[in-house]
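**Q** Given these sequences and hints, build the entire structure.
Protein chains in written order, with my numbering: chain A, 114 to 452; chain B, 114 to 452.
None of these hints come from the bench; they were simulated from the model.
Mixed in with the good hints, there may be bad ones.
Chain B stretches covered by chain A per the calculated footprint, using a threshold of three residues with CB under 8 Å from any CB of chain A [what the hints assert, rightly or not]:
hint: 1; region: 165-176
hint: 2; region: 293-307
hint: 3; region: 358-365
hint: 4; region: 398-406
hint: 5; region: 415-421
This structure is a prediction, so every number in the text was calculated from the model and none was measured.
C-beta: ideal position from N, C-alpha, C; glycine also.
Number of protein chains: 2
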Amino acid sequence: MTRISFEEMKATIKQAFLNAGMSEEKADVCARIHTESSRDGVYSHGLNRVERYVDYIGRGWVDVDAVPTLEKNMGTMEIYNGNMGPGILNAIFAMDRATEIASQFGIGLVSLRNTTHWMRGGAFGWQAAEKGFVAICWTNTESCMPTWGAKSTSIGNNPFIMAVPRKEGHIVLDMAMSQYSYGKLSVTRLKNEKLPYAGGFDKEGQLTDDPGAIETSRRILPMGYWKGSGFAILLDLISALLSGGLTTAGIDKFDQGSCGSCCQVFIAIDPLKINTQEFIDNALAETIAQLKSSVPANENGEIFYPGEQSLKTRKLNMELGIPVDDSVWEKVKELAGLK
Amino acid sequence: MTRISFEEMKATIKQAFLNAGMSEEKADVCARIHTESSRDGVYSHGLNRVERYVDYIGRGWVDVDAVPTLEKNMGTMEIYNGNMGPGILNAIFAMDRATEIASQFGIGLVSLRNTTHWMRGGAFGWQAAEKGFVAICWTNTESCMPTWGAKSTSIGNNPFIMAVPRKEGHIVLDMAMSQYSYGKLSVTRLKNEKLPYAGGFDKEGQLTDDPGAIETSRRILPMGYWKGSGFAILLDLISALLSGGLTTAGIDKFDQGSCGSCCQVFIAIDPLKINTQEFIDNALAETIAQLKSSVPANENGEIFYPGEQSLKTRKLNMELGIPVDDSVWEKVKELAGLK
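**A** Next comes the structure, spelled out in structure tokens:
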């Protein structure tokens, strides 16, 4: 397995984005986020997503020069048009605004319509937590999953993120509404393996852990069956109603790639406006202690809080380098003009 | 199957609550909510919960005279001490305040600490939707489920609700973090049936759809495996940090019944402060149309939006009467002094 240093990966991605027409500053931030995603083990939305992103820019599906414009200021709530600018930059801006508003009022909500793929949603949870804020954010997407009871695709996987800042390591949940991503299915199939648990229905309508059978049927499973299906629908509707933008059904019709003209919601809360640091520290410590003192299901099993494994992967990848798929890495180097 | 009219059920529950020491007005509201839960098909938290609730009052675990007191007013965010008052009344109050704040500012967040079991969380989503507000609310609970990777109980099932108002029927998601409740396990076991899908692990650590095996192991499954586990942890922490109250670990130590001194968060948003009614109607219509035009997984299968089946059950139960378990109904009549 090839491993690449953080700095080399970031510089290479940055050059690819510069070549695609991004400004120095924007390419730098986007390259950092893609590299951090790979660094934290979210390979699917890090280096692996660069080629597609450059393709979207080329097709005019992302306007590299666009910035969010304020549509409505309601004090603690601000609504922006993302103007089809880079999803990462729009989302960083929106979460930053949410934290600024929360600094003033305790809570801030920023919604974005008409934005583009934000890549790894967790990045914006970590961003807020780094600044000391509790955060909730989510996006809607094009449809990629059948709603419960259906076999044709009609709902998005609408990633949902919650973050709580903590000195010893932030507690961050970053989950899509499907039990597994299509990326996970293909990686598992290529290794000739089965999924850990059933991940969808086969063509005959039977639950299966065979990734290839699900890729064929396109009947990927919502997490928790009807629960993840319902959650996806509500996340979609609320993001559209809070931003005045497109629902999943609208994104499907708009048809400019994954998450083209999607809607996002960013909520930040300043926990120190409500409690003392001591109260917060105790609540977090008590909870982590309760989790960690659980009896592991398997001998020598370890119990992790949400976000802990990302930190472990981060540490390892910073020490050893970030693992890459050689063909993906060669392609990004090519986009950077380095071969 | 015995069916009881809404009015008879409500009057009987009300009398049981009056006998337990509740005031006329409070008993009326609590009886209405319990009856509405049964009416909508949420039998576990309607009539079936009355006996336990009266028991909690008798033990002093619920203070029937307590009302929420404001601890902090931050404009769009208000923090209340529930003073261990009736969970239903505290929650109705909190969601009402959230909608009042949202009427003024667009968004309102009310948190409650030191409150008691709110029964059916969905009730407060429907409440906000009836008034025309988008709503998000959740509660933490005592631990009742192993965190992912563990076999001992350490996390709550922390119900989470999202609601969107809609003329033709509100869209309401009301879900706990466990795939199935213990109530569902016991009902299924008593019918000698299997669960529709695996609902936990047996003592040997194998996934199983045998409800009795899960009741024995107490290894109930979080929805979506690690996803529901992580979601439960974040909902717990954020509710405690937003209200200054107890985490699940703290509720476990407090040990005054289910949800004794729990924390809750109520968020309301006025969608008409952001969009026209026409925009909202179109977004909802387009989404419902996309769901309804899906190809059903089973021949003659029907596809429902979240909340639709509650409405269907409501209509049926208002026509035919609300079905009751005879022994439960006799017990509540006894508490009402009617036998």
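**Q** Taking 8 Å as the C-beta cutoff, is the stated coverage of the region 293-307 of chain B by chain A satisfied by three or more residues?
**A** violated (count 0)
**Q** Counting residues of the region 415-421 of chain B that have a beta-carbon nearer than 8 Å to any beta-carbon of chain A, does the count reach 3?
**A** Satisfied; 5 residues make the cut.
**Q** How does the coverage statement for the region 165-176 of chain B fare against chain A, requiring three or more residues with Cβ below 8 Å from a Cβ of that chain?
**A** Our answer is that it is violated, as 0 residues pass the Cβ test (under 8 Å) against chain A, missing three.
**Q** Counting residues of the region 358-365 of chain B whose CB is closer than 8 Å to a CB in chain A, do you get three or more?
**A** holds (count 5)
**Q** Using a Cβ cutoff of 8 Å, are there at least 3 residues of the region 398-406 of chain B near chain A, or does the coverage claim fail?
**A** holds (count 6)
When each numbered hint is compared with the structure, violations occur for hints 1 and 2.
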